[in-house]
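Fit chains A and R to the known structure of chain P by using the hints.
The chain contents come next:
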Amino acid sequence: MKSNEIFERLIAEFPEDIISLNEDENSESFIYVNPRNIVEIMLFLRDENDLFFDYLSCLSGVDSKENLTVVYNLYSIQLKHRITIKADIPKENPSIATVEKVWLTADWHEREAWDLIGIKFEGHHNLIRILNPYDWEGHPLQKDYKTPEYYHGMRVPV
Amino acid sequence: MGFLDRLDKGLDPVGPDIMLGTVEDLLNWGRSKSDWYMHFGIACCAIEFMAVNAAHFDLMRFGAIPRASPRQADFIIISGTVTLKMAERIKRLYEQMAEPKYVFSMGSCANSGGPYWEHGYHVLKGVDRIIPVDVYVPGCPPRPEAFLEGMVQLQKKIRHQEIFRKREKMSPEDLKAIEDRKIEMEKQYQDYLADQKLKNQEIG
Amino acid sequence: MAERKDIEIDFGRIEAQRTRLNLGPQHPSTHGVLRLEVELDGEIVTEVVPHIGYLHRCFEKYAENKTYPQVIPYIDRLDYITSMSNEIPYVLGIEKMMGIKVSEKVEAIRTILAELNRIASHQIAVATFGMDAGAFTPFLFFFRDRESILDIFEKLSGARLLYNYIRIGGLMNDLYPSFKNDVLDVINVIRKTNAEVMDLLIDNKIFIERTINIGVLPADVAISFGCSGPVLRGSGVPFDLRRDEPYLNYDKFDFEVCVGKGEMGTLGDSYDRNIVRYHEMEESCRIIEQALKILPDASEDVRSAMPKKVAPKGEIYAKAENPKGELGFYIVGDGKNKPARIKSRSACFVNLSALPAISQGSMIADLILILGSVDIVLGEVDR
Numbered sequence: 004m005k006s007n008e009i010f011e012r013l014i015a016e017f018p019e020d021i022i023s024l025n026e027d028e029n030s031e032s033f034i035y036v037n038p039r040n041i042v043e044i045m046l047f048l049r050d051e052n053d054l055f056f057d058y059l060s061c062l063s064g065v066d067s068k069e070n071l072t073v074v075y076n077l078y079s080i081q082l083k084h085r086i087t088i089k090a091d092i093p094k095e096n097p098s099i100a101t102v103e104k105v106w107l108t109a110d111w112h113e114r115e116a117w118d119l120i121g122i123k124f125e126g127h128h129n130l131i132r133i134l135n136p137y138d139w140e141g142h143p144l145q146k147d148y149k150t151p152e153y154y155h156g157m158r159v160p161v
Numbered sequence: 256m257g258f259l260d261r262l263d264k265g266l267d268p269v270g271p272d273i274m275l276g277t278v279e280d281l282l283n284w285g286r287s288k289s290d291w292y293m294h295f296g297i298a299c300c301a302i303e304f305m306a307v308n309a310a311h312f313d314l315m316r317f318g319a320i321p322r323a324s325p326r327q328a329d330f331i332i333i334s335g336t337v338t339l340k341m342a343e344r345i346k347r348l349y350e351q352m353a354e355p356k357y358v359f360s361m362g363s364c365a366n367s368g369g370p371y372w373e374h375g376y377h378v379l380k381g382v383d384r385i386i387p388v389d390v391y392v393p394g395c396p397p398r399p400e401a402f403l404e405g406m407v408q409l410q411k412k413i414r415h416q417e418i419f420r421k422r423e424k425m426s427p428e429d430l431k432a433i434e435d436r437k438i439e440m441e442k443q444y445q446d447y448l449a450d451q452k453l454k455n456q457e458i459g
Numbered sequence: 006m007a008e009r010k011d012i013e014i015d016f017g018r019i020e021a022q023r024t025r026l027n028l029g030p031q032h033p034s035t036h037g038v039l040r041l042e043v044e045l046d047g048e049i050v051t052e053v054v055p056h057i058g059y060l061h062r063c064f065e066k067y068a069e070n071k072t073y074p075q076v077i078p079y080i081d082r083l084d085y086i087t088s089m090s091n092e093i094p095y096v097l098g099i100e101k102m103m104g105i106k107v108s109e110k111v112e113a114i115r116t117i118l119a120e121l122n123r124i125a126s127h128q129i130a131v132a133t134f135g136m137d138a139g140a141f142t143p144f145l146f147f148f149r150d151r152e153s154i155l156d157i158f159e160k161l162s163g164a165r166l167l168y169n170y171i172r173i174g175g176l177m178n179d180l181y182p183s184f185k186n187d188v189l190d191v192i193n194v195i196r197k198t199n200a201e202v203m204d205l206l207i208d209n210k211i212f213i214e215r216t217i218n219i220g221v222l223p224a225d226v227a228i229s230f231g232c233s234g235p236v237l238r239g240s241g242v243p244f245d246l247r248r249d250e251p252y253l254n255y256d257k258f259d260f261e262v263c264v265g266k267g268e269m270g271t272l273g274d275s276y277d278r279n280i281v282r283y284h285e286m287e288e289s290c291r292i293i294e295q296a297l298k299i300l301p302d303a304s305e306d307v308r309s310a311m312p313k314k315v316a317p318k319g320e321i322y323a324k325a326e327n328p329k330g331e332l333g334f335y336i337v338g339d340g341k342n343k344p345a346r347i348k349s350r351s352a353c354f355v356n357l358s359a360l361p362a363i364s365q366g367s368m369i370a371d372l373i374l375i376l377g378s379v380d381i382v383l384g385e386v387d388r
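Protein sequence lines, in the order shown, are assigned to chains P, A and R. Our numbering puts the first sequence at residues 4 to 161. Our numbering puts the second sequence at residues 256 to 459. Our numbering puts the third sequence at residues 6 to 388.
Excised from the complex, chain P in its bound form (with noise of 0.2 Å):
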């Protein structure tokens, strides 16, 4: 299925929650959605069978300046088609609905999401840091982030 008729797809069931379509030839073809009804829409994608998304490949948390952005790369493993979901939050209040409901590996994906750029997945059942330490403080990929200047009393710059 091309990218165009998930599109049309999507737009009939969710008319108020489909934003847009960005095709490019040398880019990833990606639909923006609003992040209001993210999970509906997941389970959509994932239950319907001629979509059938059974394969969350990657979950990216993305800072990009003004606001932040989850990318989901779905794919599918029984027809062989990909498509990019983008839902941007604002920086003020970063939730989105978690997805772990809708595929297990979202669990540690969002996990990290929140480890490193700080977006909150509201109702995931266990939100906690992954890759850094519990205590650390502050979230590392955020573009105005400030590395700590001491850790645990160890230097943490040169």
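None of these hints come from the bench; they were simulated from the model. Check the hints yourself; a few may be wrong.
In silico SDA-like links for lysine to any residue, alpha-carbon gap of 20 Å or less [stated by the list, open to error]: (1) P:Lys94 with R:Ala345; (2) R:Lys71 with P:Ser67; (3) P:Lys104 with R:Ser229; (4) P:Lys123 with P:Ala100; (5) R:Lys160 with R:Asn186; (6) R:Lys210 with R:Ala140.
Chains A and R in isolation, oriented as in the chain P frame:
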């Protein structure tokens, strides 16, 4: 100079089956030829270390045997990037080892932070910031041959170490530090005993 | 005649206390600096909580602070056993963003190197899995043969482990003259050792009894967990990016996608994951043989397509079938010479997240084997 080298040097005036030397020489010869190491790997260098261990490079001919417990190990190999999360564990492992103990810093990351030197917010810039290092092996990762050279250097260091009369040659500050540490440890032990006693009373 | 009654004997109950056991981060059998917090009921594992991040080397921070070609050495250090394969998805992604086409020879060389690296990685995986089960000899055999693969890489790139050989738009340098013969020799040696290991380890009754029916991962659970590579194929799902989304020139070759069949025990157990890796080594040998046939003999400038300035604009999710599974890079470029964001989707990270689900209810001694069959490299888990 090694203990057995004296046989070849003709320094032996007594006879072919008698060799003169100090007890220290004998002990150091034994210690340098059977260094047991703490068996654990951290990062990429650990793969090269596994290659050192395997048949092709065969580390065991140096008398180095892997031990899984730090309490049975003579030296520890820091084979990879030390992150801040790992640093506290490494320090604890080092403290659990019995004296005399040696530290082998393998690869650029353990030496100085290596490629993760500049922006690594979670990388310790050199393991010598938390524990004293005896041998530095450069490389990213070091070739197995470089590691073996480091092993020879470590043996050399052990062979020339003083065991007896070490105290006499120490500076007064160091001796005082040792005495202070002894008193502190004794106090900690007494506190621990008192604590245990209190707990036993509570249970009893 | 006495009335028959149901006999009830009260054996009493042993009140077992739940024990929390800490494995790692310096445990010799956790394959690196993984820490597992295990809750035990007697010998039965009731809960496993992996704590990772002991090797978090800030890859994604570095990727934002280095230029595109400078990122490649850091990608080498993700999964440090399969450096050559790691470079491929990143390089392919940038090439697609910039619209670069590489020559046939470069593609063939990349394929051969990726497959050689796959063999080297699977050798370590099978060897350490055997070690976890108590077999030391295959470890020595495999490491001896792995040296001959590393020798080829060393002659090509000058390094034994971390190569920085595959560049954006080309390669570091051309092949050396006796490359073909070296590779053919290595393949012969690998096939011979594999046959030996089959007798020694894989077909050994003790090994089979030890590894079947533990860590069973059903296919639908594996897909939901996003597992890939031998872990997913061990569960019987024939998903292989080399065939399903062909990159390089894999569509020209005839090879089989090995899947677990559950021939010894349950489908998707530790044995199946291991046997998939074992058979994939043979398939890799076949691919290399075919690739050597189409590899042009004439020497050419493999750096001719390399761009002077790498500053792509756009975003891409580039992926490739690595020995451990699907390695993907989500690359965002904003037209500058440094990437705006690179997120690495590492196969080991995702595969490891399935460990708590598959090890619940197993024995504590089997936990180590289950972990060994997932085959993780902590450099890629923590990045």
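Quick rundown of the hints versus the structure:
no. : hint                   : in the structure
1   : P:Lys94 with R:Ala345  : 17 Å, holds
2   : R:Lys71 with P:Ser67   : 18 Å, holds
3   : P:Lys104 with R:Ser229 : 10 Å, holds
4   : P:Lys123 with P:Ala100 : 8 Å, holds
5   : R:Lys160 with R:Asn186 : 13 Å, holds
6   : R:Lys210 with R:Ala140 : 13 Å, holds
Against the hints set out earlier in the document, no violation occurs for any number.
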